[in-house]
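Q: The primary structure of each chain is shown beneath.
Number of protein chains: 2
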Amino acid sequence: MEVTLTDMTADCSAAKAAARTMATAPIENRNGALAAIAELLSSEVENILAANAEDLADERARDLSPALVDRLTLSRQRVEAMAAGVLEVASLEDPIGEILDSRTLQNGLDLKKVRVPLGVVAVVYEARPNVTIDCAALTIKSGNSILLRGSSYAERSNGALARVVREALESAGLPADGVVLSTGGGREALGGLATQDGLIDLLIPRGGEGLKNALKAVATVPVLYAAAGNCHVYVHSEADLEKARSITVNAKVSRPGVCNAAETLLVDQEVAAALLPKVLAELAAAGVELVGDEQVLENAGDTEVKVATDEDWDTEFLDLKLAVAVVDDLDQAVEHINRHGSGHSDAIVTESEQAARVFMDDVDAAAVYVNASTRFTDGFEFGMGAEIGVSTQKLHARGPVGLRELTTSKYMVRGDGQIRE
Amino acid sequence: MEVTLTDMTADCSAAKAAARTMATAPIENRNGALAAIAELLSSEVENILAANAEDLADERARDLSPALVDRLTLSRQRVEAMAAGVLEVASLEDPIGEILDSRTLQNGLDLKKVRVPLGVVAVVYEARPNVTIDCAALTIKSGNSILLRGSSYAERSNGALARVVREALESAGLPADGVVLSTGGGREALGGLATQDGLIDLLIPRGGEGLKNALKAVATVPVLYAAAGNCHVYVHSEADLEKARSITVNAKVSRPGVCNAAETLLVDQEVAAALLPKVLAELAAAGVELVGDEQVLENAGDTEVKVATDEDWDTEFLDLKLAVAVVDDLDQAVEHINRHGSGHSDAIVTESEQAARVFMDDVDAAAVYVNASTRFTDGFEFGMGAEIGVSTQKLHARGPVGLRELTTSKYMVRGDGQIRE
Chain C
91 MEVTLTDMTA DCSAAKAAAR TMATAPIENR NGALAAIAEL LSSEVENILA
141 ANAEDLADER ARDLSPALVD RLTLSRQRVE AMAAGVLEVA SLEDPIGEIL
191 DSRTLQNGLD LKKVRVPLGV VAVVYEARPN VTIDCAALTI KSGNSILLRG
241 SSYAERSNGA LARVVREALE SAGLPADGVV LSTGGGREAL GGLATQDGLI
291 DLLIPRGGEG LKNALKAVAT VPVLYAAAGN CHVYVHSEAD LEKARSITVN
341 AKVSRPGVCN AAETLLVDQE VAAALLPKVL AELAAAGVEL VGDEQVLENA
391 GDTEVKVATD EDWDTEFLDL KLAVAVVDDL DQAVEHINRH GSGHSDAIVT
441 ESEQAARVFM DDVDAAAVYV NASTRFTDGF EFGMGAEIGV STQKLHARGP
491 VGLRELTTSK YMVRGDGQIR E
Chain E
91 MEVTLTDMTA DCSAAKAAAR TMATAPIENR NGALAAIAEL LSSEVENILA
141 ANAEDLADER ARDLSPALVD RLTLSRQRVE AMAAGVLEVA SLEDPIGEIL
191 DSRTLQNGLD LKKVRVPLGV VAVVYEARPN VTIDCAALTI KSGNSILLRG
241 SSYAERSNGA LARVVREALE SAGLPADGVV LSTGGGREAL GGLATQDGLI
291 DLLIPRGGEG LKNALKAVAT VPVLYAAAGN CHVYVHSEAD LEKARSITVN
341 AKVSRPGVCN AAETLLVDQE VAAALLPKVL AELAAAGVEL VGDEQVLENA
391 GDTEVKVATD EDWDTEFLDL KLAVAVVDDL DQAVEHINRH GSGHSDAIVT
441 ESEQAARVFM DDVDAAAVYV NASTRFTDGF EFGMGAEIGV STQKLHARGP
491 VGLRELTTSK YMVRGDGQIR E
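Note that the protein sequences, when read in sequence, are chains C and E.
Numbered by my numbering, the letters in the first sequence go through residues 91 to 511 in order.
Numbered by my numbering, the letters in the second sequence go through residues 91 to 511 in order.
These are computed hints drawn from the structure, not numbers from a lab.
Don't take each hint at face value.
All copies of an identical chain are treated as equivalent in the list; a pair is satisfied when it fits inside any one copy or across any two copies.
Quick list of in silico lysine-lysine cross-link-like pairs, BS3-like style, CA-CA up to 27 Å [to be verified]:
{"id": "1", "residue 1": "K203", "residue 2": "K333"}
{"id": "2", "residue 1": "K202", "residue 2": "K306"}
{"id": "3", "residue 1": "K202", "residue 2": "K333"}
{"id": "4", "residue 1": "K306", "residue 2": "K368"}
{"id": "5", "residue 1": "K202", "residue 2": "K396"}
If you're wondering where the values come from, they're calculated on a predicted model, not measured in any experiment.
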């Protein structure tokens, strides 16, 4: 069953046609749709789990690693968690209609800059059915239509979940095409999606570097790339070494496979001898593979540290592996981070207000931390309620992408006949 | 004298190296540099005019149309106007450091979202020397470095102006490389500029469609495109016809060569007979070539109106030419605008609050007007003090691009040892 470009255009056109209604729907209807999704997830849970069981029983699923099978698998508890997440989004403040700027010009024109939906958001994602619900909830709340392009491994699960969402939209008086699930056609269909200028207002890829690179080569619609997270912890000469130890271990070990985990530890030479033996031993005990420069090896005590390659400083390991370097001072630390980092999240551990200020001003990243773990960069942790990813771009959205980042603005200007000289 | 990629990389690297100092420079220094530019423009005016005279005397300048020669020509008065513009920018509010969001999380983390400079902005522009000063002033004020890439026709003028700016930066304690003028290499050098990932944070082309298309094919750095302005005036059935006449004529005739000029007039069928004969006669008398649909031709009276082609509805004439159509109702007008418009500026003339609201909500454009000319979409008119162009993108910046649009944000998070569970 192949998806031709015409099918993709038809899917995108359907979402676009619904966008005008979605954009002006009262918040009561949008929240009503979210409440209906939560209810239907509960009442339809048997159908959803049955569809998921079919995906899991498909012989193609045998190719998946245990970790991927786990991500694909739904359970009663996981469906309940999805419903709770949707209600959480419903409880958030409406981002639409916010007046971003307002003034009366000298000629009497009343100028307002108003927050409005983007239109149609497309999300391409891997075999994680919960993304279907998470993303649909965020786009419905923010007045957008969404074109969902999930993995074929999760086709039946996504289908069951998309049916729930579309039924919920209709029950709330909104067009079902506010959420369109595009299926079939394999990765080639991506090119068809990424070139729908005028129909897709924003494309968000949620997946690995392969997906991103495939899109970069062909996309003509606006794309928000969530780049890699090569995050750093820098222990300053005036650090509290107990905080330094605790933050370093947490930033590396608590969840090494995510983008806000630390990949490099930088230690000021003044505290290297005092900090390194203890923290390296603790990291090694937690199963972390360590690579370091010469000064680190000298201060490693009994812990095994391999010699770091040039490449290690630029690598997002996404694993229990950490690169460690000793730096001369704050300035060298900032230079290292700005040269090798990915502009995601970087932390300094220091009791010096002066050093904290320089680090926060000069490190060029979406999030800079003083005396806290890099692991907090996350829409939920930041109090945004939910997120669709973390942007390391500087344009439009930097950091967690929540409801506001799914909007644009429009100048609304009212006059009574004004013309320009 | 060819610019190799290495030269371009050297130019961009110089601007990037200065960016860290520019970004954290106190507002006193940034405004001090602007004041110094204004002074030096005055004291160096003879040198500037001499350099400009050389550009104009160059045999290559013979290829230029009279309009382009006019844009290239500097005079004492025009240099004074540039200086006044710089002081105007100095008087604007500092966009940097603004707290966009602030909260204390439950775990005690102090979270602030702060407005910060982008880093290095590159501007590619045509043979208009004043752009050198206008853009440098905006980027200095917003804490950015700038890489200026002007036309070779204006090379000597731009060189004299860039020297003024660099001297002003140094006199204010800022690095001269906060403003770098890149010259030589012809249009091929553009590709070298547009692929400086990691050095150029934003590229803004100021020029025609040819320049934009050349960049679209090669750019890997973020680009802000100022798209075409296919702007509409829609006269609703409940319009004040005198306002309709005045706004239509102003939107078309006052300056037909700019992006906020109207290109299409839509007239509700209920008022076509009452409005069209008079307004078409006035437009024709002002030298406007008119094309229209069948119903327009029927209501044209003595005025000559040619039959509009399908293409006319999609064309930004940038000239004394207007496409005119009669529409059934508000809904058809909105459909027409959203299908054919470029999302720049569109106006409704109506005394109906209900119609005004629907139009403003449903027309998908950077600026929507009620009872006012589309010609007001402009950074100066909007009270932003200055602009570097008008964006029709939905991401990052929509509408006039002023100081705020030359910034990004950074999350600054302070803790006292917080780690994530």
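Q: Taking the earlier hints as the rules, which of them does this structure contradict?
A: 2, 4, 5
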